[in-house]
Amino acid sequence: MQTTVENQTTNARPVREEYVAPNVNIFETPEGYVLQAEMPGVTKDGLEIMLEGTEITIVGRRTPESVSGEPLFRERSRADYRRVFELDPAIDTEKVSAKIEQGILTVTLPKSEKVKPRKITVD
Amino acid sequence: MNLLRWQRPELASWPTFGGLSTLRNEIDRLFEAPLSELAHGSHFLSGSAPALDVFEDKDNFVVKAELPGMKKEDIDVSLHDGTLSISGERKSDKKWEDAEVYRAERFFGRFQRTVALPSAVDAAKIKAQYKDGVLTITLPKAEEAKPKQIDVQVS
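Chains E and X supply the protein sequences, listed in that same order.
For the first sequence, this note's numbering gives the first residue as 144, with consecutive numbering after it.
For the second sequence, this note's numbering gives the first residue as 739, with consecutive numbering after it.
Simulated from the structure, these hints should not be mistaken for lab results.
The beta carbon of each residue, even a glycine, is placed where N, CA and C say it ideally should be.
A couple of the hints might just be wrong.
Straight-line Cα separation of at most 25 Å, SDA-like style, residue types lysine to any residue; simulated pairs [what the hints assert, rightly or not]:
#	chain 1	residue 1	chain 2	residue 2
1	E	K242	X	Y840
2	E	K254	X	K832
3	E	K242	X	G847
4	X	K832	X	F845
Okay, the calculated bits of chain X under chain E, using three or more residues with CB under 8 Å as the criterion [what the hints assert, rightly or not]:
#	segment
5	803 to 814
6	839 to 847
7	877 to 888
Among the chain X residues that face chain E by a calculated CB cut under 8 Å, a handful are [to be verified]:
#	residue
8	A789
9	L790
10	D791
11	V792
12	F793
13	E794
14	V800
15	W834
16	D860
All chains, full assembly: derive it from the sequences and hints.
Here it is as structure tokens:
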């Protein structure tokens, strides 16, 4: 009798790079914008921030974790983080800075000087 | 106790549309999490309870929870009757209180998750580490709960 066993671990479909979008908070002050993205498991080395035209792309690659043992329960996504935002033209792209701490990426996007509210003194 | 071996289901890829992707992540989480009695959360779809992974090897259970942007003094880890409880409060940054808010997707507030461990652990040797926004709790199994080889005597 012929039996066929389906191997559940191989996929016929090619593996595509999948990302998950991190939760963000975006604030605006007269000085500029602040973007906070939640990327637990990502360190400075895993970050890629690209400014292109009017867009900013933030990518966070998780540090590979070596865990011994069998998974009993799994909710965390294993995908890397990625999200794209439209930039306000008032942002001075030369002055954009970023840092990551305990899985929170904070990107600071200052507005260019000429756009900031300025008092004009009258002679 | 009914313990399901975790299997990753195949889901068709969805296109990502900005804000809808958060909804997609929540729905993915809903379908991917096995409905076992192992871990319970305070809210299923609100995104408030941290995502957990639980692993087991011959000596330890390892629980990993995603809790970005916290201070370790705001995280509580306790063990009671073989159930691990992770709770705390995620506090928002006072710095941006007066700023104009464009998006507010991050959750702030109290949370709690419990994990019913399948076998006894040595409470005195539990270690918890918080790094890069991930809380890793290592729970060494109690000696009597470790798998032991039993010699078969033939007489």
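Verification of the supplied hints:
Between E:K242 and X:Y840, the direct Cα distance comes to roughly 20 Å. Compliance with the 25 Å bound is thereby established for this hinted pair. With a C-alpha separation of about 22 Å, the suggested pair E:K254 and X:K832 falls inside the 25 Å cut-off, and the hint holds. A distance of roughly 24 Å separates the Cα atoms of E:K242 and X:G847; the hinted pair therefore holds under the 25 Å criterion. Annotation: proposed proximity of X:K832 to X:F845 holds, straight-line Cα distance about 15 Å (limit 25 Å).
Counting residues of the segment 803 to 814 of chain X whose CB lies closer than 8 Å to any CB of chain E gives 5, so the stated coverage by that chain holds, three being the minimum. For a cut-off of 8 Å, the count of residues in the segment 839 to 847 of chain X with a CB near a CB of chain E stands at 7, and the three-residue condition holds. Counting residues of the segment 877 to 888 of chain X whose beta-carbon sits less than 8 Å from any beta-carbon of chain E gives 0, not enough to reach three: the coverage restraint is violated. For X:A789, the interface hint holds, the least distance from its beta-carbon to any beta-carbon of chain E being 4 Å, beneath 8 Å.
Taken as an interface hint, X:L790 checks out: its beta carbon lies about 5 Å from the nearest beta carbon of chain E, inside 8 Å. The closest approach between the C-beta of X:D791 and any C-beta of chain E is roughly 5 Å, which is under the 8 Å cut-off, so the hint is satisfied. At about 4 Å, the closest approach between the beta carbon of X:V792 and any beta carbon in chain E falls short of 8 Å, and the interface hint on this residue holds. Interface restraint check for X:F793: the shortest CB-CB distance to chain E comes to about 4 Å, inside 8 Å, so the restraint holds.
Here the hint on X:E794 is kept, as its CB sits about 5 Å from the closest CB of chain E, short of 8 Å. For X:V800, the shortest C-beta to C-beta distance to chain E is roughly 6 Å, which falls under 8 Å, so the interface hint holds. A least Cβ separation of about 5 Å between X:W834 and chain E falls short of the 8 Å threshold, and the interface hint therefore holds. Taking 8 Å as the C-beta cut-off, the interface hint given for X:D860 is violated, the closest approach to chain E being about 16 Å.
When the structure is compared with the earlier hints, violations turn up for hints 7 and 16 and for no others.
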